[in-house]
Amino acid sequence: MNFKNILTEIEKTDPEVYERLSGRRQVLKSFSSKVAVAALPIALGSLFKKAYGKTAAAGDVVSILNFALQLEYFEYNFYHTANNTGGLIPTNDKPGFRNIETHELAHINFLSDVVTTLGGTPYTPPNYVSTAIIPQYIPSGTYDFTGHGAHPNVFNDYPTFLTLAQVFEDTGVHAYQGQMPNLIGSTVIGQAFQIATTEGRHAAHVRRIRREAPISAIEKPAPWITNNIPPLPTAAFQPYYTGEENTTQIGGVDISSLPDSYSTSGTVPVLSATAAFDEGKDMATIVSLIQPFLV
Amino acid sequence: MKILNTTGSEQVVEMDNGQGTSRRRFFQLAGGITGAGLLLAACRRTPPSTTYVGTGDTGLLNMLYIIEQVQAGFYTQAASTPYYGITDSESLCFIDCRDQAIAHREYMKTLLGKSAAKPIVLDLSLTTFADRTSTLTNAYIIADIAVGAYNGSARLLTDGQKLQAISKIATVQARRAAYMRDCLNYNSFADNTAVDSKGLDLATEPAQAMALIEQYIQTKFDISKLPSF
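Chains as they are written, first to last, in my numbering: chain A, 1 to 295; chain B, 1 to 229.
What the hints contain is simulated information worked out from the structure, not anything from laboratory work. Honestly, I wouldn't trust all of these hints.
Said to hold, decoys possible - Below 30 Å or equal to it, Euclidean Cα-Cα: the simulated DSSO-like pairs (lysine-lysine) are:
1) B/K118 <-> B/K220
2) A/K220 <-> B/K168
3) B/K168 <-> B/K114
4) B/K198 <-> B/K118
5) B/K114 <-> B/K220
6) A/K94 <-> B/K114
Said to hold, decoys possible - Using C-beta positions, here's what the derived DEER-type ranges look like:
7) B/T133 <-> A/D157: 49 to 59 Å
8) A/T85 <-> B/L92: 29 to 39 Å
9) B/D131 <-> A/L294: 43 to 53 Å
10) B/K198 <-> A/Y128: 14 to 24 Å
Stated by the list, open to error - Chain A stretches covered by chain B per the calculated footprint, using a threshold of three residues with CB under 8 Å from any CB of chain B:
11) 157–166
12) 189–195
13) 252–261
14) 284–292
Just so you know, even glycine gets a beta-carbon here, dropped at the ideal spot from N, CA and C.
From just these sequences and the hints, can you work out the full model?
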């Protein structure tokens, strides 16, 4: 196998091959000196995977950020409505939900700016009117947070609101997680992490409210997602948590096989192995989960 | 107090919850009374001058591995010697945090393989584990450090697989940080000390994250080759 010949062959179809690989100078350098001949095919595969398979193109990044914008508008409208519905949120809990609403609006503004900077057109929801000042970014006839009647009391009954808030926040985390592989190599990967962890904080806050009495006598969700347990009723929310039961992580590592001297089994408890990682969901799945709440 | 943090056998000394003995005092007593094994060994051990954390992706993963060792040690202690007035709900969360931190630590160690930095010597003396405020304060500070370190690493890691791996942990760190913050000071889960005006959570440059976490570690590190923004 001749490495230079391979590059020459690729150059015929992709003149930019050297440019794509140049960011991997270190890899290339160590490639010749350290990689054993037997490992060459694997090493080569990994090198080209990095150069081609895993670097996001600008157009792809724009479509991912617009997808994120769709979710941020959705969440922002949800909290904006709740925060402006008298008698729904108890006084003690109001500052937290106002803070969450502020973050979702900040995400809308931030992501829109980035999309514009990248030469794209920022997503706006159906019926969005750019000249509307008050209420800002609140289109009418776009969202139906009752889920077409499935949750009629979402803005009348605090526990119902909290249940949907938890589901939406966890789904937001899953959506960002699902897009991380597609953002590798892009300039926005760091900010995508920073938004995702903000959503993680929101999710934990809502889960903690639901965990503490007297809000929820039956359900006591942890701040993190244990197994794939959804809020009740299970039938309505199970799809939002499917996949969270996973214990096998990148590298083929079964987390529940790792040593933990505090566990009776001597290894990490399965429930902890699931809770220690937030899983991703792909774009199509997320869209199907949000769809019931769109007009 | 120093705890030698060895994989799979955290040294935890059971402490009588009902006594008002401070942790430092307790370990002075424990050191004198037990005369045994690893605790004393830890006390006798002189840490090596510096532990090299490595460069590039290895350096970043070692930083996260070190932070997870601190978290595993912290929650092992917090779960074993709960603070006065702890609720059942909080107690269960601390146990969860322990097992999750151990999972993260062992996972990082597995990803690093032979490149894993040597086990470190913790110094948890900043925390009075019998005291609710002290424990929750340090819990959220450490969790915030972790969030910042994971998010900072995201900008610098070159290996896509490892990036995905740490992404799935980063949001769980954020859940933990938010929970500990809320327990200490309700509604502070994502206040402006954690999330900025753009809605962006902490992202810390590796050298800075190491400086922050070092207050919980006796071991000194050589971080000269860590990637920077």
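Results of checking the hints against the structure:
1. B/K118 <-> B/K220: With Cα atoms ~11 Å apart, B/K118 and B/K220 stay inside 30 Å; holds.
2. A/K220 <-> B/K168: holds, 23 Å
3. B/K168 <-> B/K114: Judged against 30 Å, a Cα distance of about 23 Å means the pair holds.
4. B/K198 <-> B/K118: violated, 38 Å
5. B/K114 <-> B/K220: holds, 20 Å
6. A/K94 <-> B/K114: violated, 50 Å
7. B/T133 <-> A/D157: 49 to 59 Å: Given a distance of about 35 Å, which is not inside 49 to 59 Å, the answer is violated.
8. A/T85 <-> B/L92: 29 to 39 Å: holds, 33 Å
9. B/D131 <-> A/L294: 43 to 53 Å: Given range 43 to 53 Å: holds, Cβ gap about 49 Å.
10. B/K198 <-> A/Y128: 14 to 24 Å: holds, 21 Å
11. 157–166: violated (count 0)
12. 189–195: holds (count 7)
13. 252–261: Held - the segment 252–261 of chain A has 6 residues with a Cβ nearer than 8 Å to chain B, which meets the minimum of three.
14. 284–292: violated (count 0)
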